[in-house]
Amino acid sequence: MSGRRVTGRAARGRLRRAAGRGLGFVAWRLLQALLVLWAAFTLAFGVLYLLPSDPVTIMASGGGEATSVTEEQLADLRAEYGLDQSAWRQYATRLLDAAHGDFGASVQTGEPVRRVIAEALPPTVQLTATALVLAVVGGAGLALAATYTRLRRLRQLLLSLPAAGVSAPTFWVGLLLIQVVSFRWGLLPAIGQDGWRSLVLPSLTLSLPSGAVLAQVFARSLRTALAEPWAETARAKGASRLRVHFAHAARNAALPPLTVAGLLLGNLLSGSVVVETVFSRAGLGRTTAQAVGAQDIPLVLGVVAFGAAVYVLANLLVDLCYPLLDPRVRAGRAVTA
Amino acid sequence: MARSPRTSTRPAALAAALVVSGLLATAGCSAGGSTAAAEGTPGPGGELTFALASDPVCVDPQQRANNDAIYPARQLVDSLTDEDPETGEIVPWLATSWDINEDATEFTFHLREDATFSDGTPVDAQAVRDNFDAIVRLGAQAPLGSGYLAGYVGTTVADAHTARVAFEQPNAQFLQATSTFSLGLLARSTTSLPAAERCTDHLVGSGAFVLEEYRPNQVVVETRREDYAWGSSLWRHRGPAYLEKLTFRVIPESGVRTGALQSGQVDAIGGVAPQDEQGLADAGFRVQSRSNPGLPFGLSANLARPALRDERVRRAVQAAVDRQEVVDTVLSPSFVPATSALAHTTHTYADLSGALAHDPEEAKRLLTEAGWEPGPDGVRVKDGERLSLTVLWTENFGPNENVLQLLQQQLKEAGVELRLRTAPLADFLAEREAGDYDFTWGNTTRTDPDIMRTQYSAALTNYGHLPADSTLEELLQGQNAATDAGERAGLSARAQRELLERAVAVPVFELTTVLGLADRVHDLDFEASSRIQLHDTWVS
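Residue numbers (the working numbering), protein chains in the order written: chain A, 1 to 337; chain B, 1 to 540.
Note that these hints are calculated values from the structure, not bench results. Some clues are possibly wrong.
Claimed, not checked - From chain B, some residues computed to sit far from chain A (all C-beta separations above 12 Å):
hint, residue
1, ASP55
2, ILE100
3, GLU362
4, ALA423
5, GLU431
6, THR444
To be verified - Reference listing, derived: stretches of chain B covered by chain A, where coverage requires no fewer than 3 residues with Cβ under 8 Å from a Cβ of chain A:
hint, region
7, 135-144
8, 212-218
9, 247-255
10, 500-514
On a predicted model such as this, the values are computed, not experimentally measured, just so you know. In this text, a Cβ means the ideal position worked out from N, Cα and C, and glycines have one as well.
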């Protein structure tokens with residue numbers, strides 16, 4: 001965990017330094033964000049370009065069946081999508097267009113990439129947002145309960161749960177929930193996305209690994225916080241055990257899990273690929289998996305750029321939250337780290 | 001269901017109606033009037049929810065070749081002709097009759113006059129021309145259709161309902177091709193659009209169902225065309241379809257599909273895994289299957305490789321494979337071993353099971369004769385080289401890996417090492433192009449024997465590096481030039497024999513389409529290519 005705490009401290013340090021510079025901080029973060037976006041875009045293009053096949057061959061293969069498509073027909077189609085040009089030229093064109101917000105059209109269906117993403121986004125936002133809430137509530141609740149209880153056996157049980165949660169494969173948990181809750185008990189639908197009832201099982205499945213990580217990190221930082229001298233002081237001054245635990249320690253211990261939560265957003269997005277498949281939901285995860293399988297270069301680049309933007313934004317938000325939780329950051333007073 | 005005035009039928013209402021009609025039946029009452037469909041009588045009304053194993057991506061029948069796109073797409077369009085799944089005979093659909101010239105280069109279709117597309121425009125000779133022109137323009141984006149139309153010169157509109165299609169070279173397979181979904185007819189408002197704009201929307205056909213909406217990765221909804229009256233001559237009833245609405249739900253996980261059927265969340269499922277069949281049958285569900293016509297799953301040899309250039313080695317592999325064991329241990333009773341180069345549901349199939357008998361002694365004899373002697377590790381050796389053959393395969397069918405592992409064991413007994421190299425479809429295609437393998441593993445669905453030419457002709461892709469001047473090539477070209485049915489069947493049978501005896505093809509088992517159906521679903525028919533046709537389907 002020390003690694004994560006260092007990250008938190010480093011970020012706080014950056015923030016503190018930047019706070020003095022005001023606008024400089026915002027400019028620096030924006031530049032950083034653009035750099036991340038560019039790097040993600042370039043990396044994705046490189047990987048897609050290096051893959052052995054190309055989207056046109058895949059599309060014309062009829063799923064691997066014997067077809068009699070001629071080389072000329074393939075060449076025509078490649079020219080139509082600009083795939084016959086040199087790698088540099090394709091890269092430059094796509095990057096320039098992307099900078100203007102134009103990601104072109106999906107090779108598979110010809111729909112504009114922006115529209116494909118816009119249509120796939122709402123169900124995934126619903127899923128990941130619900131999962132994030134469940135993960136935070138569940139993870140924090142578990143950590144608080146585990147550190148608060150005086151029963152040694154219960155504490156050990158509670159502390160061992162996150163490890164199990166992290167190691168259980170998402171698709172397995174999903175299938176198990178479907179089998180029992182939907183097929184055996186008939187309580188909730190196993191497929192589709194009509195209303196909140198169809199959201200329960202998938203978001204629960206998706207929240208499990210993230211909630212477990214949060215619980216682990218929070219429990220550890222809680223224990224550290226409770227062992228600090230000021231906790232002792234608070235108790236000596238007559239604060240109740242409950243108050244020390246929930247008001248003093250929880251607040252001080254919240255920074256590491258908050259940092260982790262920002263990173264977990266990436267996990268949730270990638271987890272949605274599996275969860276959306278298992279629960280037969282449409283969304284960004286399924287769209288991405290399909291696009292990669294078909295080497296749909298424009299769509300993959302669009303999704304990567306979008307994902308990177310979300311990630312950058314989320315971490316920026318987390319950084320901006322530090323001052324709210326930690327008065328030392330707010331006041332900009334230096335504390336030796 | 002009765003011919004009720006209900007326009008939308010919810011599952012709950014349906015279930016209630018079912019219970020009520022059941023009670024009435026047990027009480028010995030009449031359900032009231034002759035319009036009510038009793039349990040055993042087909043009748044209009046009701047809905048069907050069918051679970052697809054993958055997202056169609058595009059529901060244009062002319063562009064797609066994968067089952068999960070074809071299932072919904074087939075219901076939207078009619079074809080010029082239809083093919084009898086039992087006899088392979090080509091029969092009238094939109095065309096009431098046709099003439100083929102002496103050398104199979106000109107096909108004249110006489111169309112019925114009452115058919116219309118769902119936007120009201122007529123299905124006439126001009127529509128035929130628009131469609132074929134558009135498919136040729138689509139090129140690689142219509143991978144099947146543009147192949148069927150290879151050498152297309154053009155379509156002449158002789159009169160409003162007579163269309164003449166001409167080719168540069170003999171093209172006997174074209175008549176069967178007109179019965180496929182790939183050459184199904186779409187309205188001009190669709191054919192005039194670029195490929196990209198006719199995938200999820202704007203698909204206007206003349207079929208018994210009309211596309212309501214397609215939401216990628218979720219659902220394809222189709223509704224009945226009320227004025228439909230130009231069905232195939234093969235169908236059980238005239239007029240509009242029985243079902244009011246079709247819902248194709250995308251459910252990628254096979255276990256979830258099975259569970260969804262068992263818990264009543266869907267009425268029918270595709271892509272039933274062999275291991276799930278017994279469970280479904282035990283739980284009282286109908287497991288319906290049919291062999292896919294075309295090339296069975298099997299090994300196709302790459303003759304550019306030194307070891308396989310020797311026909312004796314290929315024949316040894318042919319003899320070492322125990323097809324019955326593959327079906328018995330890895331697949332299910334729905335499957336059958338290959339008995340020819342074509343599946344038994346293919347037109348002009350010839351039973352050549354004698355040429356595919358399991359004969360391990362013969363395999364060993366052939367290898368010894370070819371100079372491959374038993375080596376230290378059980379694998380035969382010649383000039384210091386081990387007899388190690390690589391098979392390139394992709395996961396387009398669940399049991400592939402288990403089947404290939406079993407083949408590996410079977411060949412090992414003859415002293416042949418089979419190395420399995422798997423790749424995702426994209427890489428598979430690239431590696432197939434590169435040619436660094438001894439066998440590819442795969443199948444192809446088509447009811448016409450011309451599929452042998454598509455796969456094995458030296459004049460086409462020719463991944464197997466077959467020689468251009470061979471008896472096989474003559475037969476493959478010959479069957480596509482023969483207009484006489486008997487002559488064509490004879491040439492096709494000889495091509496099948498040639499493929500097996502030269503062991504260019506090592507067919508193993510016939511791919512089988514397996515569906516799981518709830519009790520209330522009736523007459524869900526397979527058309528000739530083992531895809532579903534829902535015009536006659538009804539629910540009780």
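Results of checking the hints against the structure:
no.: 1; hint: ASP55; in the structure: violated (7 Å)
no.: 2; hint: ILE100; in the structure: holds (21 Å)
no.: 3; hint: GLU362; in the structure: holds (29 Å)
no.: 4; hint: ALA423; in the structure: violated (9 Å)
no.: 5; hint: GLU431; in the structure: violated (7 Å)
no.: 6; hint: THR444; in the structure: violated (4 Å)
no.: 7; hint: 135-144; in the structure: holds (count 5)
no.: 8; hint: 212-218; in the structure: holds (count 4)
no.: 9; hint: 247-255; in the structure: holds (count 6)
no.: 10; hint: 500-514; in the structure: violated (count 0)
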